[in-house]
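> Below, each chain spelled out in residue letters.
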Amino acid sequence: MPLSNKGLEMNTPLLSVKNLVVTYGSKKNAVQAVAGVSFDVMEGETLGLVGESGCGKSTTGRAILQLERASSGSVLFDGEELTSLSPGEMRTRRRKLQMLFQDPISSLNPRRKIKNIVAEPLIIWGESDEAKRDALVGEMLLEVGIDPALAGDRYPREFSGGQCQRISIARSLVANPRLLVCDEMVSALDVSVQAQIINLLTELKKKYNLTLLFIAHDLAVVKNVSDRVAVMYLGRLCELGPSDDLYAHPLHPYTEALLSAAVVPDPEVQLSHTTLEGEPPSPINPPSGCRFRTRCPNAETRCAEEVPELREVRPGHQVACHFPLSTTHVAIGESPNA
Amino acid sequence: MTNVTDSPTQADNIVVVENLSTTFSTPRGSLTAVNNVSLTIKRGMSLGIVGESGSGKTVLSRSIIGLLPPSNMNQTGSATINGNQIIGVAHKELLKLWGSEVAMIFQDPMTALTPTRRVGDQIAESLRINLKMSKKDAKAKAIDLLRQVGIPSPERRARAYPNQLSGGMRQRVMIAIAIACGPEFLVADEPTTGLDVTVQAQVLDLITELRREANLTMILVTHDLGVVATRTDNVAVMYAGRIVEQAPTRELFARVAMPYTKGLLDSTPRIDAPSHTRLSSIEGRPPDLVNPPSGCAFAPRCSFAQDRCRTEAPSLVASTLNPNHLFACHYPLNGHAAQQ
Amino acid sequence: MARYILRRLIAFCLIMLTISLLSFWLMRLLPGDPIVKHLGTSYTAENAKAFAAQVGLDKGFFAQYFTWLGDTLTGNLGYSWNVSPNTPISEILSKTLPPTIEIALLSQVIALAISVPASVAVVRRPNGKLDRGVNVVMLSAYSIPTLIAVPVLTLFLCVRYNVLPGPSSWVSFNEDPILNLRVCLLPAMAISIASLAGHFRFLRNDMIINLQEDFVVMARSKGLTNRRILWRHVLRPSSVTLLTSVGLTIGGLIVGIFVAEVYLSIPGFSTQVIAAVDTSDYGLLQACIMTIAFIVISIQLIVNFLLPIIDPRIARD
Numbered sequence: 001m002p003l004s005n006k007g008l009e010m011n012t013p014l015l016s017v018k019n020l021v022v023t024y025g026s027k028k029n030a031v032q033a034v035a036g037v038s039f040d041v042m043e044g045e046t047l048g049l050v051g052e053s054g055c056g057k058s059t060t061g062r063a064i065l066q067l068e069r070a071s072s073g074s075v076l077f078d079g080e081e082l083t084s085l086s087p088g089e090m091r092t093r094r095r096k097l098q099m100l101f102q103d104p105i106s107s108l109n110p111r112r113k114i115k116n117i118v119a120e121p122l123i124i125w126g127e128s129d130e131a132k133r134d135a136l137v138g139e140m141l142l143e144v145g146i147d148p149a150l151a152g153d154r155y156p157r158e159f160s161g162g163q164c165q166r167i168s169i170a171r172s173l174v175a176n177p178r179l180l181v182c183d184e185m186v187s188a189l190d191v192s193v194q195a196q197i198i199n200l201l202t203e204l205k206k207k208y209n210l211t212l213l214f215i216a217h218d219l220a221v222v223k224n225v226s227d228r229v230a231v232m233y234l235g236r237l238c239e240l241g242p243s244d245d246l247y248a249h250p251l252h253p254y255t256e257a258l259l260s261a262a263v264v265p266d267p268e269v270q271l272s273h274t275t276l277e278g279e280p281p282s283p284i285n286p287p288s289g290c291r292f293r294t295r296c297p298n299a300e301t302r303c304a305e306e307v308p309e310l311r312e313v314r315p316g317h318q319v320a321c322h323f324p325l326s327t328t329h330v331a332i333g334e335s336p337n338a
Numbered sequence: 001m002t003n004v005t006d007s008p009t010q011a012d013n014i015v016v017v018e019n020l021s022t023t024f025s026t027p028r029g030s031l032t033a034v035n036n037v038s039l040t041i042k043r044g045m046s047l048g049i050v051g052e053s054g055s056g057k058t059v060l061s062r063s064i065i066g067l068l069p070p071s072n073m074n075q076t077g078s079a080t081i082n083g084n085q086i087i088g089v090a091h092k093e094l095l096k097l098w099g100s101e102v103a104m105i106f107q108d109p110m111t112a113l114t115p116t117r118r119v120g121d122q123i124a125e126s127l128r129i130n131l132k133m134s135k136k137d138a139k140a141k142a143i144d145l146l147r148q149v150g151i152p153s154p155e156r157r158a159r160a161y162p163n164q165l166s167g168g169m170r171q172r173v174m175i176a177i178a179i180a181c182g183p184e185f186l187v188a189d190e191p192t193t194g195l196d197v198t199v200q201a202q203v204l205d206l207i208t209e210l211r212r213e214a215n216l217t218m219i220l221v222t223h224d225l226g227v228v229a230t231r232t233d234n235v236a237v238m239y240a241g242r243i244v245e246q247a248p249t250r251e252l253f254a255r256v257a258m259p260y261t262k263g264l265l266d267s268t269p270r271i272d273a274p275s276h277t278r279l280s281s282i283e284g285r286p287p288d289l290v291n292p293p294s295g296c297a298f299a300p301r302c303s304f305a306q307d308r309c310r311t312e313a314p315s316l317v318a319s320t321l322n323p324n325h326l327f328a329c330h331y332p333l334n335g336h337a338a339q340q
Numbered sequence: 001m002a003r004y005i006l007r008r009l010i011a012f013c014l015i016m017l018t019i020s021l022l023s024f025w026l027m028r029l030l031p032g033d034p035i036v037k038h039l040g041t042s043y044t045a046e047n048a049k050a051f052a053a054q055v056g057l058d059k060g061f062f063a064q065y066f067t068w069l070g071d072t073l074t075g076n077l078g079y080s081w082n083v084s085p086n087t088p089i090s091e092i093l094s095k096t097l098p099p100t101i102e103i104a105l106l107s108q109v110i111a112l113a114i115s116v117p118a119s120v121a122v123v124r125r126p127n128g129k130l131d132r133g134v135n136v137v138m139l140s141a142y143s144i145p146t147l148i149a150v151p152v153l154t155l156f157l158c159v160r161y162n163v164l165p166g167p168s169s170w171v172s173f174n175e176d177p178i179l180n181l182r183v184c185l186l187p188a189m190a191i192s193i194a195s196l197a198g199h200f201r202f203l204r205n206d207m208i209i210n211l212q213e214d215f216v217v218m219a220r221s222k223g224l225t226n227r228r229i230l231w232r233h234v235l236r237p238s239s240v241t242l243l244t245s246v247g248l249t250i251g252g253l254i255v256g257i258f259v260a261e262v263y264l265s266i267p268g269f270s271t272q273v274i275a276a277v278d279t280s281d282y283g284l285l286q287a288c289i290m291t292i293a294f295i296v297i298s299i300q301l302i303v304n305f306l307l308p309i310i311d312p313r314i315a316r317d
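Residue numbers (the numbering used here), protein chains in the order written: chain A, 1 to 338; chain B, 1 to 340; chain C, 1 to 317.
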């Protein structure tokens, strides 16, 4: 796979999110978990969505699948507005948008056999030919590395976390979806299993021409799987750009702080260590202007008064900051290209 | 204590573990979670214990300080802290060590702090029991400790219940409890797993700083090789209840001897590697510790395994390249060879 | 906080109103005519008509209800017709409620005084010999009906060993507090037997669950004794189900207390309730039902208020 992002530009967006707002709670103490987020996911690309707990990344994923009601904004999937669909209409679209969760064991029905779990989407979508269903289920289980002859009649509890995640992948792929929303799907796994699942996902993505929205808190995992990465903080996007460019030249101070806090399994790699003070403020009462300003080392008056909009600073690389970091800034992972 | 001269380098071994095994009786049979482990830690040093879930790293760290509940458990071998035997001694003897000489930090501070007691009381309790402080002194010291671990407005926070604090602050409270009575040896079990990266960095910095101030010896149990790389002096890698490789941290990362350690490293995504770098994964699963395979426990998953690996279990030996680099492998990587 | 209390009070009033209306209606479905029972041998058609007019039984259902509601809200509970004719109901209640409440509370104090230490003792070794033994004892005790417990305890404690006063020794608290307590002790013990097993089970199970938590290992690593860990760290987070169970139990004690009151000739409240049902004494019965409802709902309110104080993880709404 080429490491550059050329060739993606000619694609059209499969998913287009505009000014998405998700509000929790009643009018008086309403919390904007997602406060106006816009991004496109191109056909065939993987967009990583990264941020710390409570930043709204999972809510964004759920709102795209209409599992969470958006208070305002639009979610265009393949040219169709999803937010205005009735629940019944949405159900028929769900075949094309699937979600994968962090805890695969509890997201599989413990009382159903593996083959029935994987076949379920086919039944819902009206595949009545049982022989055809069985064949598809068997094919898909083999595809994820599970022997259908051995595993089909067993129950989820008899499998490890990694195997359950494979079964979840088989279940979501059997309906032949176009977009997969992966919410922390490898976070609970041990590294060796995590690598297996990441590799599997990469292969399947190529084979079935999938588009992925990959939500996770682990910066290294997100970088590895994503073509482009969006960074979220307190309900807003800070920065969005091609993976390698964003990690090498972060434009937003928050991205830089995140990257410098990350650890590398190599004692010889010295990361620039600029520790961020404190923890994110409560979304109940977010700071005015730029939401990161209370923890930002470069904050000025303008940051408190004016909300920074996401704007393109470098080709394909957007940032929501009044004073983006110098583009000559060199950070880790930078291969000195002339 | 053995007769070691009190040199400024303080090169005495505070923790000495010899042939320690911990076996649990389960309905399926006996499960050897820690299998014949020996190690030493010098005063003021930190040892990282890494491994995947079920490798025995948590059981080993708790065995060393005697913290495992005695029911359904059997231990053999020896572990001493500051010369005090831990294995097989009465609960009363352990009570003298816990809290005052030995302390522990847990992974999830939400479940590791008593939910129904104010955090200030939980710190003060340790001071009152172990240092026999008065109620008033203990309360003042607790607030001091909260300030020392970087909690803003400690007087107010001391009266909070754990669920009223953020994850990072709860972890700081737990650290305050651990260091309250000035222990010499700290076991930190996944102290930053579940915390966000920026908070993880803060907590690790805090632990490092407190350790330096008090010359605290530490075992850092983690699954994260990145945390180990920057925060420990030595690393022990565990697999299936055994230490399979042990070395000074820089030495280990520079010259891995065990195929399993290499597998772990190669399957870890790195932020300094280009996007879409293919990760090499370790196929298969760790062995069932009730029915462990004969020979090397990693052999069924090892791409370097040969017939000898499946029949003869390798023992932990020193490398010819560096006598402090130990490995348990018949066919080590990177030019390592067993010292005769 | 003020809003929380206000909301709870409004709910409280609505529940009380609903209960009053329901009981007012259900009572009139009871077999037996209050007028016939009131007049007895002096029954004539005229007398009956006169009495009905006097107490308002000749009016429609809702007219009767709203008259009663107005009177009650202004503090006028009326007179008893049949149980103790022409005695003000307020006087009956103020005389008979104290012994019953005393017995009920005392029974819960006894039940807790036994079940809490018993739970703390057995959870050191769940399913060990002590645990299984105590479980058997508790279950056996649970299966003894109050109807048997009261006479058996009387036989042992009053007759054979003579440590407690026997039946018909009732004195009020004001006259002789010590004797009063000693009289209440026996029925309270008999009634506590039924609550014991439940309290013990709830607390024991919750403590065993909490003993698996990390905070217990943390407390051990602080160098605390097992005893301190159980009492100071595990007991409180494990008492949520127990407290709920105590709250629910108190409301259900009335039948057991009736048995004890009758057997020991204690002039208590539950005796009045049963007598009022028997004689279709509408006014008294309605007052008794409202009193029970008031107590039961108040206890629920108190329990709901206490739960977040006991365990701060429980949010108040």
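Keep in mind that the hints were calculated from the coordinates and are not lab data.
These numbers come from a predicted model, not from an experiment.
No residue lacks a Cβ here, since even glycine has one placed at the ideal position from N, Cα and C.
A couple of the hints might just be wrong.
Unchecked claim - Computed Cβ-Cβ distance ranges for the label pairs, DEER-style: (1) C:Arg313 <-> B:Asp205: 28 to 36 angstroms; (2) C:Ala2 <-> A:Val307: 34 to 42 angstroms; (3) C:Phe62 <-> A:Asn116: 52 to 60 angstroms; (4) C:Tyr142 <-> A:Leu150: 48 to 56 angstroms; (5) B:Pro152 <-> A:Thr12: 32 to 40 angstroms.
> Now look at each hint and say whether the structure bears it out.
Here is what the structure says about each hint:
The hinted window of 28 to 36 angstroms between Arg313 (chain C) and Asp205 (chain B) holds, with their beta carbons roughly 30 angstroms apart. Distance hint check for Ala2 (chain C) and Val307 (chain A): the Cβ-Cβ separation is about 36 angstroms, which falls inside the suggested range of 34 to 42 angstroms. Range check, Phe62 (chain C) to Asn116 (chain A): Cβ separation about 59 angstroms, and the 52 to 60 angstroms hint holds. Range check, Tyr142 (chain C) to Leu150 (chain A): Cβ separation about 49 angstroms, and the 48 to 56 angstroms hint holds.
Roughly 50 angstroms separates the CB atoms of Pro152 (chain B) and Thr12 (chain A), a value that falls outside the hinted 32 to 40 angstroms.
Violated hint for the displayed structure: number 5, the only one.
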